[in-house]
Amino acid sequence: MTRLQILAGFLAGVALSAVALPVVAHAEVTGAATAALRYDDNVFALPSDDLPAGLERSDTVYSGNAEIDATFHPPGYKVDLLAEVNYEAYGRNTAYNNAGYAFQLTAGPTSERLLTVSGSLTARRALSSFASLGLPVRNVQTLIDAAPELAVKVAGEFVVVVDPVYTRSSNTAGLFDAYNYERYGGAVGIGWHTPLGNRIDLTFGERHTKGLGNRFIDLGEGVVNQPTNLRDRSIELKLRYQITPITSINASASYVWRRDSTVLAHNFSAPFGQVGVKFAPSDHALISANVGWRLESVDQLFVDSVRTNYANVTATVQVGERWRLSSRFDYSHRKFEADSLALVNSYSLGLIDRADHFCRAEAAVTYGLSSHFAVVANYSHEFRNSSYHFANYRENIAQISLIYSFGAHPEQLTNAMTGRGL
Numbered sequence: 001m002t003r004l005q006i007l008a009g010f011l012a013g014v015a016l017s018a019v020a021l022p023v024v025a026h027a028e029v030t031g032a033a034t035a036a037l038r039y040d041d042n043v044f045a046l047p048s049d050d051l052p053a054g055l056e057r058s059d060t061v062y063s064g065n066a067e068i069d070a071t072f073h074p075p076g077y078k079v080d081l082l083a084e085v086n087y088e089a090y091g092r093n094t095a096y097n098n099a100g101y102a103f104q105l106t107a108g109p110t111s112e113r114l115l116t117v118s119g120s121l122t123a124r125r126a127l128s129s130f131a132s133l134g135l136p137v138r139n140v141q142t143l144i145d146a147a148p149e150l151a152v153k154v155a156g157e158f159v160v161v162v163d164p165v166y167t168r169s170s171n172t173a174g175l176f177d178a179y180n181y182e183r184y185g186g187a188v189g190i191g192w193h194t195p196l197g198n199r200i201d202l203t204f205g206e207r208h209t210k211g212l213g214n215r216f217i218d219l220g221e222g223v224v225n226q227p228t229n230l231r232d233r234s235i236e237l238k239l240r241y242q243i244t245p246i247t248s249i250n251a252s253a254s255y256v257w258r259r260d261s262t263v264l265a266h267n268f269s270a271p272f273g274q275v276g277v278k279f280a281p282s283d284h285a286l287i288s289a290n291v292g293w294r295l296e297s298v299d300q301l302f303v304d305s306v307r308t309n310y311a312n313v314t315a316t317v318q319v320g321e322r323w324r325l326s327s328r329f330d331y332s333h334r335k336f337e338a339d340s341l342a343l344v345n346s347y348s349l350g351l352i353d354r355a356d357h358f359c360r361a362e363a364a365v366t367y368g369l370s371s372h373f374a375v376v377a378n379y380s381h382e383f384r385n386s387s388y389h390f391a392n393y394r395e396n397i398a399q400i401s402l403i404y405s406f407g408a409h410p411e412q413l414t415n416a417m418t419g420r421g422l
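Each step along the sequence shown adds one to the number in this note's numbering, with nothing skipped, and position 57 is 57.
Careful: at least some of the hints might be erroneous.
[What the hints assert, rightly or not] Here are the simulated lysine to aspartate or glutamate pairs, EDC-like style, with alpha carbons at most 16 Å apart:
#1 K335 / E321
#2 K210 / E182
#3 K238 / D356
#4 K238 / E149
#5 K210 / D232
#6 K153 / E112
#7 K210 / D163
#8 K78 / E149
#9 K153 / D163
#10 K78 / E112
#11 K335 / E296
#12 K210 / E149
#13 K78 / D145
[To be verified] Beta-carbon label-pair distances, calculated as ranges:
#14 H357 / I144: 30 to 36 Å
#15 S170 / A377: 32 to 38 Å
#16 S370 / H284: 28 to 34 Å
#17 D80 / N396: 34 to 40 Å
#18 V152 / L237: 18 to 24 Å
#19 V152 / Y379: 47 to 53 Å
#20 E321 / P281: 17 to 23 Å
#21 A95 / S370: 34 to 40 Å
#22 H357 / P109: 27 to 33 Å
#23 W323 / L237: 37 to 43 Å
#24 H381 / A147: 45 to 51 Å
#25 G276 / N98: 28 to 34 Å
#26 H381 / G276: 31 to 37 Å
Note that these hints are calculated values from the structure, not bench results.
Note that CB positions come from ideal geometry on N, CA and C, so glycine has one too.
Work out the full structure: start from the sequences and follow the hints.
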């Protein structure tokens with residue numbers, strides 16, 4: 001089967017769904033199919049003088065995507081179900097051809113009640129990249145994530161909130177072995193929730209992570225590859241507030257205590273937080289900005305004390321009925337402290353420090369051809385400057401997409417940006 005036949009199949013399948021699905025009673029159904037051509041001049045995000053034999057640095061990628069979004073309105077609730085399938089075919093690095101999917105179920109209350117249940121359930125299969133580790137490897141990752149929230153009204157607008165979490169990741173053998181992990185636990189606390197959606201929550205939480213990534217550890221008789229098990233305890237204050245009809249703020253501040261039960265036993269505690277602002281001066285323009293300090297794992301696979309300062313700005317404007325302009329800028333400063341994996345590319349052991357500066361700028365132009373078709377052109381440039389040579393890279397990505405949509409005007413779609421991500 002040729003790439004064109006595969007992409008044609010995506011379009012035909014969603015076109016049939018456009019006819020069949022809207023008959024579902026009491027549901028609002030929208031959807032889209034996309035055929036895209038992407039050019040990437042540094043697929044594996046490697047330094048210019050580092051490319052293993054058998055791999056091509058630049059490549060053309062043919063991709064197809066189909067998604068359906070159904071919204072239901074049972075009494076007092078709004079339920080949204082998103083289903084997506086996609087396929088990528090690499091012109092030169094054909095070993096990385098892959099099919100993926102994503103399903104997401106979200107629910108939230110639309111009226112006041114004693115007990116409200118909201119949150120999301122996500123299942124996703126996609127090709128992940130280990131660019132942060134300087135490794136020319138990609139891996140198919142299956143991720144299941146559940147994040148419900150229960151709120152019980154106790155007095156007036158005060159509620160007791162319970163936020164359980166569960167995440168499971170499974171990976172095909174790509175680097176070493178034992179790359180499956182689970183994260184579970186949750187938080188409980190008290191909140192102030194208004195009918196307008198404004199809220200303040202103070203919660204205390206504990207989360208356990210088992211099998212996240214691996215560390216090379218020299219036990220004297222040889223080097224072993226040991227999974228990482230963690231326990232995180234936290235106190236967090238979260239705020240969501242509509243300042244004016246066109247301006248809203250989303251902020252949080254937390255303190256985290258982490259216990260590392262591996263042989264290295266790298267325990268620590270630190271404060272974290274973020275502030276996000278959205279500004280919509282009209283129905284045709286939106287600007288959002290975020291700044292913060294977070295604790296993270298690398299590529300959802302390896303873990304250590306990776307602390308990241310980050311900032312991003314996104315702007316979108318609708319010009320007339322057919323044109324839509326979008327742009328985004330990202331910056332992050334990553335600090336790897338006592339990270340025994342920071343030199344994994346050369347298989348060096350020991351405790352070292354590493355610092356990365358990452359920037360990405362991207363622009364997209366959408367043009368509505370008709371009420372159902374649109375063309376999107378994207379371009380992004382990104383780079384990382386690191387204290388270790390193997391983590392430095394420059395990359396340019398250009399993409400053009402043809403979108404078919406039903407249930408929504410294509411000029412209002414915000415199609416996927418091309419960047420690799422933080």
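Each hint tested on the structure:
1. K335 / E321: Cα-Cα ~45 Å, so violated.
2. K210 / E182: 5 Å, holds
3. K238 / D356: 28 Å, violated
4. K238 / E149: Distance of about 14 Å is within 16 Å: holds.
5. K210 / D232: Given that 16 Å is the threshold and the Cα spacing comes to 12 Å, the pair holds.
6. K153 / E112: 9 Å, holds
7. K210 / D163: Not OK: K210 and D163 at ~20 Å, beyond 16 Å, violated.
8. K78 / E149: Satisfied, since the Cα-Cα distance of roughly 15 Å is no more than 16 Å.
9. K153 / D163: 15 Å, holds
10. K78 / E112: 13 Å, holds
11. K335 / E296: This hinted pair holds, its Cα atoms lying about 10 Å apart.
12. K210 / E149: 23 Å, violated
13. K78 / D145: 20 Å, violated
14. H357 / I144: 30 to 36 Å: Given about 33 Å between the Cβ atoms, the range holds.
15. S170 / A377: 32 to 38 Å: 35 Å, holds
16. S370 / H284: 28 to 34 Å: 20 Å, violated
17. D80 / N396: 34 to 40 Å: For D80 and N396 the Cβ distance comes to about 35 Å; the hint holds.
18. V152 / L237: 18 to 24 Å: 20 Å, holds
19. V152 / Y379: 47 to 53 Å: 49 Å Cβ-Cβ, so the 47 to 53 Å window holds.
20. E321 / P281: 17 to 23 Å: 19 Å, holds
21. A95 / S370: 34 to 40 Å: Between A95 and S370, where Cβ atoms are some 38 Å apart, the hint holds.
22. H357 / P109: 27 to 33 Å: 42 Å, violated
23. W323 / L237: 37 to 43 Å: 41 Å, holds
24. H381 / A147: 45 to 51 Å: 33 Å, violated
25. G276 / N98: 28 to 34 Å: About 32 Å separates the Cβ atoms of G276 and N98, which means 28 to 34 Å holds.
26. H381 / G276: 31 to 37 Å: 24 Å, violated
The structure fails to meet hints 1, 3, 7, 12, 13, 16, 22, 24 and 26 from the earlier list, while all remaining hints are met.
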